[in-house]
Amino acid sequence: MYGLAFRPSIVAATTKGHEALMKRELIKHVLESEDFGATVTVAGWVRTRRDSKGGFSFLELNDGSSFDGLQVIAEGSLPNYESEVQRLHIGAAVTATGELVESPGAGQRVELRALELMVHGLADPEDYPLQKKRISYERLRELAHLRPRTNTFGAVARVRNALAASTHRFFQERDFLYLHTPIITGSDAEGAGDMFRVTTLDPAVPPRTDQNDVDYAQDFFGRPTFLTVSGQLEAEAYASALSNVYTFGPTFRSENSNTRRHLAEFWMIEPEMAFADNGDNADLAEEYLRYLFRRLLDEHSRDLEFFNQWVDQGLLERLSSIADHDFERITYGEAVEVLGNAETDFEFPVNWGNDLQSEHERYLTETVFGRPVIVTDYPFDIKAFYMRRNEDGKTVAALDVLLPGVGEIIGGSQREERFDVLLESIGEKGLDVADYWWYLDLRRFGSVPHAGFGLGFERLVQFATGMQNIRDVIAFPRTPNNAEF
RNA sequence: UCCGGGGUAGCUCAAUUGGCAGAGCGCCGGACUGUUAAUCCGUAGGUUGUGAGUUCGAGUCUCACCCCCGGAGCCA
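So for the first sequence, my numbering puts the first residue at 75; every next one is plus one.
Hints were generated in silico from the structure; no laboratory data involved. Treat each hint with caution, since some may be false.
Stated by the list, open to error - Each pair of labels, with its calculated beta carbon distance range:
no.	residue 1	residue 2	range
1	Glu106	Arg248	26 to 34 Å
2	Asp494	Asp249	31 to 39 Å
3	Ala239	Ala291	40 to 48 Å
4	His194	Gly296	45 to 53 Å
Said to hold, decoys possible - Below, simulated EDC-like cross-link-like pairs (lysine to aspartate or glutamate); rule was C-alpha separation at most 20 Å, straight line:
no.	residue 1	residue 2
5	Lys503	Glu465
6	Lys102	Glu134
7	Lys102	Glu379
8	Lys127	Glu158
9	Lys468	Glu491
10	Lys97	Asp109
11	Lys207	Asp137
12	Lys206	Glu134
13	Lys206	Asp125
14	Lys468	Glu411
15	Lys207	Glu134
16	Lys207	Asp142
17	Lys503	Glu491
18	Lys206	Asp137
19	Lys97	Asp137
20	Lys503	Asp466
21	Lys468	Asp455
We put the CB at the ideal spot given by N, CA and C, even for glycine.
Construct all of the structure, not just a fragment, from the sequences and the given hints.
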C-alpha cells in the first residue's frame, strides 16, 4: 500500500545510497583502525547528538557490531546540516562517509569527520520511547522490538550469540554430532513438565468419539501431539548409533511459572554420550561450562566489563574463578548431611528422600562452597524413570549442576540401559509401557551405557551477563500472559 | 497456582489524618568556542490500571477485575 511510486524522493535516496551501503564498514572494525586519513563509510543508529558551541555537532553512531559507538563529527558546512543533521535524535538511522581521524577530544581514540551524511530514517523524539537515560527493564520488556538498540540488550545479544557459537565449537571440537530433534512430538509422557498441545482441530467444535471424548484420530497427525519438552529420548536413539550427539533447540513448557528463572519457550542444549557413565557426564558438564566462560572472557571483555560495572559488580571475578577452578562434587546423601549440620534455619526441613529446595541449593553453592556444585546420586523416588539405578537400589545416577545466583543450570543422568530394570522403573512410575516401545527397543538391540544432560541456555546467558531476569536474556520472551511481538 | 509488593506526566518517582496532583529526566525554545549521561535559564506536558461503591469531597478508604515485579512450587 505504501507504493514507492508515490514517493520519488525515497527512491532517489535509496538508489543513491546503494553504493555507499555496499562498502560500508562495521564500526567494530573502524574503532580498531589505524588508517588515519582514509575515507570510511559507516552506517548505524544515532545514540546521541551533542551540538558544539562552534556550530557543528557530535553524533554517536552505533551499529550493534560492538559495544562502543563511533563519534561522527558533522560540520555546520554539510549541505543538509540545518535541514537534517539538526533534526537527528536518538534512534535515527544514518550513513556517514568521511575522513577517519585521531580524535582531539578525550574519551575516544578515533572519530569520523563526515563529508557526507545521509539520513535514512528520522526518529521523532516526541514519540520514540528510548531516551538517553536509564530505562527500567520492565519498561523495556514492553518495548522488546526496540530494546536491542540499548547498551544492555545489545550486549546481551552479543554475549548470547558468543555462547551459542562457543557451544557448537566446543562440541564440534570433540566430535559430537549436532542433531535436530523434532519440535512436534507424539509422546505426551516425556515426564519433564506440562506440554503445549499441537492441533488443527477446531477448538470450538472438535470431532467427538462415541464416548464424547475429543477424537484425535481426526487430528492432523492422527493422534495427540505436543510441543517438545526435551529432545533427550530422540537424542538417545542417535547416540545409540553415532556415539556422541548434542541438540540445541527450542523447548516448550506450559507450566504457569512466574519466576525470573522460567520461560514457556526456552532453548536447551542436550548432549548425549554413548559408552559413558555419570562420571563422564559430570566431566563433560564441567569442561563445557568452563570452556564457555574462558572463551567469553577472552573474546567479549568489553561487553562483560559493561555488565560488571552496571549490572553485577562481581561478574568478572566470578566468571574467571569458575573458568580457573574445579567444580565441587558431592552426592545427594552428602549434601543432605551438610545441610543437616548447617547453622542456618531453613524454611523446609532437610530429610533424605526429599528433593533439595531452592534455598538448600543456594546454600550449598553460595554459602558452603562458593562455587559451582555438581550434586549426584539422587533418590530414585524423586527422579525420572529413565535414570540409571545405582547398586544400592535407592538412588539413581543423576546429576544437577548448581551455579551461584541462578541455581540449577544443568540436570542430567546416566540412562538406564538395562531392559528389565527400565521396564520395572516405567511400571513403578505408573507410566504406560506401550508409549515407550521404541525407547525400550534401544535396550533390546545393542544397548550400551550412556549418559547426557540438559542445559538451560537462557540460564547460562543470565549467569554470564549477571542479568537478574531470564526475560531479559532472550529476544522476545514467552511467559504466562505474554506472547506479544 | 500460592504469598508479598506495586500501577500517578513520554520515562523514574513524590503527594502528611480523605482537602488546590508535584519534582527530576527527556522533548521544545534560549544561552554557552571539541562535546562525552554536557551544563545553565525557560515553556509545554495529567481520564492517578479498569469498573463499581462510601463520602460534602477519593491518588488516598471498601469490593471486584486486569496487568507488572519479587519470593515459593514446577524445572532448565
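To see whether the hints hold, each was checked on the structure:
1. As the Cβ distance of Glu106 to Arg248 is approximately 32 Å, the hint placing it in 26 to 34 Å holds.
2. A beta carbon spacing of about 32 Å between Asp494 and Asp249 agrees with the range 31 to 39 Å that was offered as a hint.
3. Take Ala239 and Ala291: their Cβ atoms lie about 44 Å apart, and the range 40 to 48 Å holds.
4. Here the CB-CB span from His194 to Gly296 is close to 51 Å, well matched to the stated 45 to 53 Å.
5. Straight-line distance between C-alpha atoms of Lys503 and Glu465 comes to about 19 Å, which keeps the hinted pair within the 20 Å bound.
6. With a C-alpha separation of about 13 Å, the suggested pairing of Lys102 with Glu134 holds against the 20 Å cut-off.
7. Proximity of Lys102 to Glu379 is assessed by CA-CA distance (about 16 Å); at most 20 Å being required, the pair is judged to hold.
8. Restraint check for Lys127 and Glu158: the C-alpha separation of about 18 Å stays at or below 20 Å, so the hint holds.
9. Distance hint between Lys468 and Glu491 is fulfilled; the C-alpha atoms sit about 17 Å from each other, no more than 20 Å.
10. Of the pairs offered as hints, the one joining Lys97 and Asp109 holds, with about 16 Å between alpha carbons and a cut-off of 20 Å not exceeded.
11. The straight-line distance between the Cα atoms of Lys207 and Asp137 is roughly 19 Å, inside the 20 Å bound, and the hint therefore holds.
12. Only pairs whose Cα atoms come within 20 Å are accepted, and Lys206 paired with Glu134 is accepted, the gap being roughly 12 Å.
13. Distance restraint check for Lys206 and Asp125: the Cα-Cα separation of roughly 15 Å lies within the 20 Å cut-off, and the hinted pair is therefore satisfied.
14. For the proposed pair Lys468 and Glu411, the alpha carbon gap of about 17 Å is at most 20 Å, so the pair holds.
15. At most 20 Å may separate the alpha-carbon atoms for a hinted pair to count; Lys207 and Glu134 meet this at roughly 15 Å.
16. Pair hint Lys207 plus Asp142 holds up; C-alpha atoms about 16 Å apart against a cutoff of 20 Å.
17. For the given pair, Lys503 sits about 17 Å from Glu491 by alpha-carbon distance, which is consistent with the 20 Å threshold.
18. Between Lys206 and Asp137 the alpha-carbon distance is near 17 Å, which keeps this suggested pair within the 20 Å criterion.
19. For the given pair, Lys97 sits about 15 Å from Asp137 by alpha-carbon distance, which is consistent with the 20 Å threshold.
20. Of the pairs offered as hints, the one joining Lys503 and Asp466 holds, with about 18 Å between alpha carbons and a cut-off of 20 Å not exceeded.
21. Taking the CA atoms of Lys468 and Asp455, the gap is about 8 Å. The hint holds against a cut of 20 Å.
Figure legend: structure checked against the earlier numbered hints; every hint is met.
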